[in-house]
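Visitor: Note that the protein sequences, when read in sequence, are chains R and L. Just so we're aligned: 77 in this note's numbering is position 77 of the first sequence, and the numbers increase by one with no gaps anywhere. Just so we're aligned: 280 in this note's numbering is position 280 of the second sequence, and the numbers increase by one with no gaps anywhere.
Hints were generated in silico from the structure; no laboratory data involved. Check each hint, because a few of them may be wrong.
It does not matter which identical chain is used: a pair holds within one copy or between any two.
[Unchecked claim] Once the Cα atoms are required to be at most 30 Å apart in a straight line, the calculated DSS-like pairs of lysine-lysine come out as:
{"no.": "1", "residue 1": "Lys300", "residue 2": "Lys346"}
{"no.": "2", "residue 1": "Lys188", "residue 2": "Lys221"}
{"no.": "3", "residue 1": "Lys300", "residue 2": "Lys217"}
{"no.": "4", "residue 1": "Lys52", "residue 2": "Lys536"}
{"no.": "5", "residue 1": "Lys130", "residue 2": "Lys661"}
{"no.": "6", "residue 1": "Lys52", "residue 2": "Lys661"}
{"no.": "7", "residue 1": "Lys52", "residue 2": "Lys622"}
{"no.": "8", "residue 1": "Lys346", "residue 2": "Lys361"}
{"no.": "9", "residue 1": "Lys383", "residue 2": "Lys188"}
{"no.": "10", "residue 1": "Lys130", "residue 2": "Lys221"}
{"no.": "11", "residue 1": "Lys52", "residue 2": "Lys361"}
{"no.": "12", "residue 1": "Lys217", "residue 2": "Lys188"}
{"no.": "13", "residue 1": "Lys661", "residue 2": "Lys217"}
{"no.": "14", "residue 1": "Lys130", "residue 2": "Lys328"}
{"no.": "15", "residue 1": "Lys536", "residue 2": "Lys188"}
{"no.": "16", "residue 1": "Lys328", "residue 2": "Lys221"}
{"no.": "17", "residue 1": "Lys218", "residue 2": "Lys365"}
{"no.": "18", "residue 1": "Lys300", "residue 2": "Lys218"}
{"no.": "19", "residue 1": "Lys361", "residue 2": "Lys536"}
{"no.": "20", "residue 1": "Lys341", "residue 2": "Lys622"}
Protein chains: 2
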Amino acid sequence: MRRKQLSAVLLLSCVLSASAQTAPPTQTPARHNLMPVPAALSFGAGRLPVTKSFTVAATGHTDERLRAGIDRAVRRLEGRTVMEFARGLAADAGGATLVVETRGPGRPVPAVEEDESYALEVTDRQAVLKAPTVVGALRGLETFLQLLDADREGFYVPAVRIQDRPRFRWRGLLIDIARHYQPPEVLKRNLDAMAAVKLNVFHWHLTEDQGFRIESKKFPKLHGLGSDGNFYTQEQARDIIAYARARGIRVVPEFDIPGHATAWLVGHPELGSAPGPYTIERRPGIFEPALDPTREEVYKFLDAFLGEMAALFPDAYLHIGGDENEGKQWDRNPRIQAFMKERGIKDNHALQTYFNQRLLKILRKYGKRMMGWDEIFQPDLPKDVVIHSWRGQTALAEAARRGYDGVLSNGYYIDLIFPTSQHYLNDPLPAGSTLTPAEAAHVLGGEATMWAEWVTEETIDSRIWPRTAAIAERLWSPREVTDVEDMYRRLAVTSVRLEELGLMHERNQAMMLRRLARGPDVWPLQTLAALVEPVKEYRRYQQRPQTMLSPLTGLVDAARPDSDAARRFHALVERVLADAPRFESHAEELRRVLGAWHDAGPELEALMDGSPALHEARPLAKDLAALGEAGLEALSYLSRGVEPPAEWRAARLAALDEAAKPKAALEFPVVAPVRRLVVAAAELPRLGSMTPAAWRAHVETLAAPPAPK
Amino acid sequence: MRRKQLSAVLLLSCVLSASAQTAPPTQTPARHNLMPVPAALSFGAGRLPVTKSFTVAATGHTDERLRAGIDRAVRRLEGRTVMEFARGLAADAGGATLVVETRGPGRPVPAVEEDESYALEVTDRQAVLKAPTVVGALRGLETFLQLLDADREGFYVPAVRIQDRPRFRWRGLLIDIARHYQPPEVLKRNLDAMAAVKLNVFHWHLTEDQGFRIESKKFPKLHGLGSDGNFYTQEQARDIIAYARARGIRVVPEFDIPGHATAWLVGHPELGSAPGPYTIERRPGIFEPALDPTREEVYKFLDAFLGEMAALFPDAYLHIGGDENEGKQWDRNPRIQAFMKERGIKDNHALQTYFNQRLLKILRKYGKRMMGWDEIFQPDLPKDVVIHSWRGQTALAEAARRGYDGVLSNGYYIDLIFPTSQHYLNDPLPAGSTLTPAEAAHVLGGEATMWAEWVTEETIDSRIWPRTAAIAERLWSPREVTDVEDMYRRLAVTSVRLEELGLMHERNQAMMLRRLARGPDVWPLQTLAALVEPVKEYRRYQQRPQTMLSPLTGLVDAARPDSDAARRFHALVERVLADAPRFESHAEELRRVLGAWHDAGPELEALMDGSPALHEARPLAKDLAALGEAGLEALSYLSRGVEPPAEWRAARLAALDEAAKPKAALEFPVVAPVRRLVVAAAELPRLGSMTPAAWRAHVETLAAPPAPK
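Just chain R, same shape as in the assembly:
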């Protein structure tokens, strides 16, 4: 899928699209906390009170999956309202608070063709949810839960009419449980969260160089020797699949071949393109071991193995990976070279195509559609193969034009620690797309990818959530829903709501800081942790080399992507500068925030003295104090209307350049707004001769960060 080239070429497009944050107004008629935003909604007058007598009735089709879904929703409503509601369904639909009218069960196995639409109408008398399928009803129940509001009078759902259906049929989350294993309960809470934001595909990345994590009864050495004992039994897999199905979520398994296959070869070196022996890979990166595509025994093995997996995983699709195989083992194997020569296979890409063609036959035999990463795409590929694109919208559009279904993951690499807004504005079918409607229909949707080099059970939720909720909105809601500020407002509410499902993305940070601080009193460390973000892209690999066996309990692991505190600070600075030339509005609040940074510095250093695991972060404590000091001084000049001495600007900007350098694989997103304050103070003299707006633009230009060297 993914690694090496991605960095250089494609992140640029992310950055460019993210800068287009001056989005059109959203089409939502009122302020609400729905995420994803429904296709159509209009609020009415009135409200439906949610009281102790809350009941649900079901009419039309009902089955166990629907009943369980309603029960889960009612229990969550109880948890929020601290009221006990009746168990089971109400007999009298006329008197029920919520009526769920379902037409039919939908697909027995969740499918890409599932009708997920629903209509929800809430009046001050009753809420009526109508859906053609049970999955549609489940989606509508999540919307109903998101509508719950409250005030002095009590809990209520506002009067509203919603007609909703997803924009894309394939809305996924890939979790790599191979590089770091995750126990079933972690997957389950993430499935619950996926359902809460209407995602419908769990892409289970089951094999890697670093681990083979699914039990094979036919080839027990695969998981037996390839997983350190951390694998899913088939019973556990069936349990996860059932759990997902109950929530209207498909499970697409991935068995990544022919590359990324070290862990297969630990137990079965005879499948490899070099003799071995092999051991489970512990490093991050791209590795040479690959299956041998020239030997019939390999296909016999894959036939048996994939047959076993095809029976275990009921989904119509099976992902065969196919990415990042550089073929170095092939180059060095004379037998493989002879095979290629003999058959006129001109290069490794063509050899992999040969391999894929063989795989395709096997998968067809077992009734599965083949899916793979960009690399598998080539002109003579049958049209029923699905392209999973890490390369981007252009590659995806090209495939669609040729008639191939495709799924986008470029721009949704949540392991890269980019801000939510960037993922949010990344559209599988951007506004300028020249695809015909028929071609566009081949763009099935997208998948967020949780690659797991640097996540554990403790931290994975914080890498997935809440950012993935914004990706879920991109894939479900109309293209025009792009108001970044409103997204962040709703995301904050969504993040808290997701916690009721057991997610640890919010609560684990404080725990990790207590462990680092070796005690309960962590406020200065919390101040710092709220303001730093792990370095983005693949920089962590260089700056803080670790292996798959390293403890991921450092400050970089406790820190979270897309700092809320930094974003709020940025907005605060903008407000103060917008009040030129007086700089009074919000100045007091800004002064308090900067003062807290300044004060935290020394306390932080004392705390870090007693915590060797934080020694690497000591320079950050100094930077934090320096940021606070620079900001306070700048604010003081601005407030007093006093021009700072000439050397002050250079000294402060130098300090900020120092603070802008990552340390302990962490960086301060607040350097930029502090730089703006400093430049603004230094440019005070120009304010007399310019309009405030022109002056602000001038400051912004001067304060732009230095170009990377």
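Mind docking chain L on chain R? Use the hints.
Guide: Positioned in the frame of chain R, the structure of chain L alone reads:
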């Protein structure tokens, strides 16, 4: 075990013993963070650095359990230090950082006779842990982990010699998973925590009126109809037992009969003393359904069922409950009455004895020792029966005198929300005991009891931890270790350390407050939540009637026992008063704390307006502000040396009396120290004519809370 009488009689003794907090000095030679305190330890000079090259070697006996235990310990050390250590055991013991020398495997099944002793010697060159058994080595590894310390130079373990063994052989935690079911992962993290504080018995309370939670393959209607589907499969039970064994923990199952048996009768009404039908009980309390002790079919059933369970649970002991059967169904059943008359069984107690005698035969047949609550004790009971005492030390001593083994739970009822100190000072063999050494040996130990009327997966850890760590110390450490202040100091560190095992006792509070506040900003609510405690004893039952189906997500559930903030506040007030007549020392800090309460009040009210689930807690916001105001005023009078007007005292004390009344099943433990401040201010005039010490005693007397009506 437990409910009705307990309240009136026995809590008094708790209160009395808790007031004896002027404890003898501990015998520990230096300030350390060990919990429980070892039997003997002496610190030396020097330290053993813990660096990246940390390794462990094992000599003597090694087995899979030991290797896994060492591996877990090393992984935890990695988590704390953020250093990656070598996997597996070092080949060279001479060069290893830690050497574990184990003589033998110990008992194949964890047993009360297990030798858990160990010796640990740390020098600046090496740490050597010696133990006769693997379990002893596991205990020593926990001590080693607790010794980890750090400063500017890095992580280290101080030079120390420890000779350690438990004072009591039976150190348990009962978890009632019947009233509220807990998934296996909750039990596992609690088993890890038990091992961390050297507890060795997990008492699994598996059946109740409110749920039958273990799979019976012979009688599937028991769990099938008695559990709402929330039960442990036998495979899960075996997994839990293995998990416990790996940590040197016994698993003692309890099947509570003949009372507390409603859930058995849902599927098997024919076992009951009244015809039924029965449904799973949802209320808390004591209920009438009881097995029929007069019918042979009942014993045939119990023989088959207990035979099945005896095979599933390898422990030598099996707990049959036997508590709180009032025999009302027996009184009303003419056939049972005729049976009693015929056999000369004079009352229900005698009938239960008859039942127990029959049970005893069954258990002996399956090689199990019978254990039951106080009620089963009667003079003609064979001596191999173990008495589990909810009644107290006197009953336990009486049984011991007659030659019966006993285990104490009175005083360890952690569901009753008492402060840690109270449990801590509750000794199974108090200093004044008149038992001979041979008699005293019958007092096997004690068990903390987590009765589960009001706990869920979200809250159970906070009810068990960290308080149970202090009970663990009581049961392991020498009797003389009773310094309450030092216990609290170590408990704060222990609590943070326990989090690394996945416990939620610290981190879940913030999550619950966010849910209640319906958003991320909860600071005023946190201020309140840190200062209130759920009402104690069984008062919650009356003040906030709920059922087993009610959501336990209210403020009372988020609040925790034994408020740290309240204890710190109490100490702060003492310090200020100790500085009479100037009242300067710590006054500024006290003023800041009181000011925060005062300021939080209005913000809290605004927050609560938007959160109907907090409406019940509105009076607490007013109380908090009133407490802050009264304290600030009193402090102001004291600081200025100005006598308040006469009516001030009455008005403030009246406000405090109001604040002392529980609301929303919550109470303020800080009312007493604020009352002391108010009385001190009012009694300022007396300070001139008394010594400061006499004056303080005088204030203390006057400020004593009013006697309960």
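Visitor: Could you tell me which of the hints above the structure violates, numbers in ascending order?
Guide: 5, 9, 10, 11, 13, 14, 19 and 20
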